Amino acid sequence: MIETPSNSSKPKPQVGLFVTCPVDLVRPSIGFATATLLERAGCDVHVPPQSCCGQVALNNGQPEQTRALAWNIVQQFDEYDYVVIPSGSCGGTIKTHYPELFDEHDQRLQAVEAFCEKVFELTTFLTQVLDYTPVQAALDLSAETVTYHDSCAGLRELNIKQQPRTLLKRCANLDITEMQDTDVCCGFGGTFCVKYSDVSNHMVTNKVNNIRRSGASMVLGGDLSCLLNIAGKLQRLEPDNPNRVQVRHIAEVLAGELSTPAIGEHSPALEKGE
Amino acid sequence: MSQVQMHEPQPDFIIRSRASLEDEHLQEALEKAGSGFVHKRQAAIDRIGNFEQLRDQAQRVRARALKNLDLYLLHFEKKVTEAGGQVHWAETPEQMRELVIGLCQKQNAKTATKGKSMVGEEVDLNEALEAAGVAPQETDLGEYVLQLAHERPSHIVAPALHKTKAQVQRLFRDNHALGERALDEVADIVNEARAVIRDRFLQADVGITGANMLIAETGTAAIVTNEGNGDLTATLPRTHIVTTSIDKIVPTWEDASAILRVLGRSATGQDITTYTSFFTGARSDQDKDGPEQFHIVLLDNRRSELLGSEYEKMLHCIRCGACMNHCPVYQSVGGHTYNSVYPGPMGAVLTPLLRHEEQDNQLPNASTFCGRCESVCPVRIPLPGLMRKLRDREQRERKHAGMAQWAVKLFCKLSRHPAVYRRLNDFNLRLVAIARGRKPRFQSLPFLSGWTRHRDFPAPEKSSFQSQWQQRQKEKQP
Ligand code: SF4
Chain C
1 MIETPSNSSK
11 PKPQVGLFVT
21 CPVDLVRPSI
31 GFATATLLER
41 AGCDVHVPPQ
51 SCCGQVALNN
61 GQPEQTRALA
71 WNIVQQFDEY
81 DYVVIPSGSC
91 GGTIKTHYPE
101 LFDEHDQRLQ
111 AVEAFCEKVF
121 ELTTFLTQVL
131 DYTPVQAALD
141 LSAETVTYHD
151 SCAGLRELNI
161 KQQPRTLLKR
171 CANLDITEMQ
181 DTDVCCGFGG
191 TFCVKYSDVS
201 NHMVTNKVNN
211 IRRSGASMVL
221 GGDLSCLLNI
231 AGKLQRLEPD
241 NPNRVQVRHI
251 AEVLAGELST
261 PAIGEHSPAL
271 EKGE
Chain L
1 MSQVQMHEPQ
11 PDFIIRSRAS
21 LEDEHLQEAL
31 EKAGSGFVHK
41 RQAAIDRIGN
51 FEQLRDQAQR
61 VRARALKNLD
71 LYLLHFEKKV
81 TEAGGQVHWA
91 ETPEQMRELV
101 IGLCQKQNAK
111 TATKGKSMVG
121 EEVDLNEALE
131 AAGVAPQETD
141 LGEYVLQLAH
151 ERPSHIVAPA
161 LHKTKAQVQR
171 LFRDNHALGE
181 RALDEVADIV
191 NEARAVIRDR
201 FLQADVGITG
211 ANMLIAETGT
221 AAIVTNEGNG
231 DLTATLPRTH
241 IVTTSIDKIV
251 PTWEDASAIL
261 RVLGRSATGQ
271 DITTYTSFFT
281 GARSDQDKDG
291 PEQFHIVLLD
301 NRRSELLGSE
311 YEKMLHCIRC
321 GACMNHCPVY
331 QSVGGHTYNS
341 VYPGPMGAVL
351 TPLLRHEEQD
361 NQLPNASTFC
371 GRCESVCPVR
381 IPLPGLMRKL
391 RDREQRERKH
401 AGMAQWAVKL
411 FCKLSRHPAV
421 YRRLNDFNLR
431 LVAIARGRKP
441 RFQSLPFLSG
451 WTRHRDFPAP
461 EKSSFQSQWQ
471 QRQKEKQP
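First to last, the protein sequences are chains C and L.
Residue numbers for the first sequence follow UniProt numbering, so the first one is 1 and each next one is one higher.
Residue numbers for the second sequence follow UniProt numbering, so the first one is 1 and each next one is one higher.
These are calculated hints, taken from the structure and not from any lab test.
For clarity, every value in this text was computed on a predicted model and none was experimentally measured.
The beta carbon of each residue, even a glycine, is placed where N, CA and C say it ideally should be.
Heads up, a few of these hints could be off.
List of simulated lysine-lysine pairs, DSBU-like, C-alpha gap at most 30 Å [what the hints assert, rightly or not]:
(1) L:409 <-> L:474
(2) L:106 <-> L:288
(3) L:413 <-> C:12
(4) L:474 <-> C:12
(5) C:118 <-> L:106
Just a few of them, taken from the derived set where beta-carbon distance is under 8 Å, the chain C residues facing chain L [what the hints assert, rightly or not]:
(6) 52
(7) 72
(8) 75
(9) 111
(10) 114
(11) 229
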């Protein structure tokens, strides 16, 4: 556990932020919210040039391609004390699967294993490494009904379950209203959702129905890909309902940055054509 | 996102899954069964408290059994022989069919009662028996229903899981002379089947069962059921034939009980199934009942090739069905969609290994890798990991890389040059911004139609996070 910076003379932890492809491309606000949170928690945040963690190759029968990408990333982020990722899925790819890609005779294995030690998914890093508690909650959502989708890789590869709930209490005074089957897959599954589009649709429909039945006005999660899937379905099912459930990444709520419209929702900036 | 417009669709699974999703009866049956299994298993685990330890024990037993499989099998054969029985070895499904038919013919058997045997299904035993003039008569309720319906099992524990109560009632009305008898309650249905099946037991010349385990120590076949039909199938006819596979071995009775402790709980949420029966050899002079002849036919069908391979752990499977009960894909499309006796996650690994046909390559791909199967498997088989290895195998064996694979490769090559990657993304994002106009979302995207057929896609911003970040850093500097 490291101390918070204000009352410590220790150097600030240097954190490399790995934002993931979907955040980089579709929703930069999650990257900025993550950076804000890490800075508030006393870290120096760096964003080295980066691309994909390799999951798409790993899950599509191309271990060599994944290995090459993995080694790239290890080198790009090696200089930082920690690497933090606002995604359990990409975090799981790195922490759980990178070491499997290098066999025991490969000289790089040791470096890869050491690297994985300092890689953390955001909510785990904030709770288990920094024990982050804001002086004052960034938001008060205690009056809202909010539910949480536990994304699969985060839950089962990285044991992320309590971390987001703990942080939401600390940062937004929020108690999660649990939906049924919160730990069941939303049907995203990377290329699965386009290859097996109808099965995926059945799964996301179940997920969205559980979300709606929970009575929540907002659903949060720690993985943008799942959230894109869920939001896209909610919006397709209820295009004209102004009160449909809003979908957001947990980093935005923890940072108190709700100025960006929820995922896929109407944005005044877009309206003006900016 | 270049990584999403990929993979030439592999039509079979996809077409079958569409039909399954539209099948109202199937969907009703799946909904009814699905959460029941999940809750019962959870309740059983909560009752016992140390389930994780039991899983570790069971896993160790299976690993040990397979490590010295040859020795245990030989010992098993020796013990069966000592007990007056006989072990037969079938390398292929054909050999197993021939062996079983030969044994039936030696007895001049006209009918054979059958307990549930997935290995029997694996080798299409019923069809072969019929062709050889031996009428197979199923005695497990679910299998009996399927025999009436001329269908295959869709689940390894609950073979008729895909049938609704109404469909079963209909089958019985069509096939039984019901007269005034009611069929409204599940109990009525069970009684109705029981009346028919009871006669079968008395008439059968041969009884054929599967086995859940083979205990090497004493040459014993263990069978768990909830209906007791296994016992009657095994003990009433003059000849008992066990059809099972070589991987079912456990070394000792102690080991068998370690498996039993996790099997019922994982399968049906029972601390122990209603009947757990052990069969050792033929009737001896001291025995009051039991078959005069006891045969065990052991199928290999490529299992021995898996020993020592990267897929060996799949042989640890104890056929509890928990993985499919917890699989969101299986729960969406049902077992028949997998076009194999082994459906769900365990089938998605086992089928391509045992059958190794082109069409089976779809199965390990039809998974989101959500990992729920692995998290419930009582012997901790890393099912998603094994599916991933099978995806690798598929690509290695391909003569020509498809479009999709080129796309993945290209994307990876590009990703290794983050600066180029970023510039290309920003270029694409600007194009997307033009296409998007003022819409917050896309309702259709040509290169993402698999997505937009069912869901909207949010319009991204005009530039990537990385570019925006760089811009901000520049602005911060004085
Ligand atoms: S793979 Fe595991 S969970 Fe699935 S049937 Fe086999 S033992 Fe049970």
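Hint numbers not upheld by this structure, sorted from lowest to highest: Those not satisfied are hints 1, 3, 5, 8, 9 and 10.
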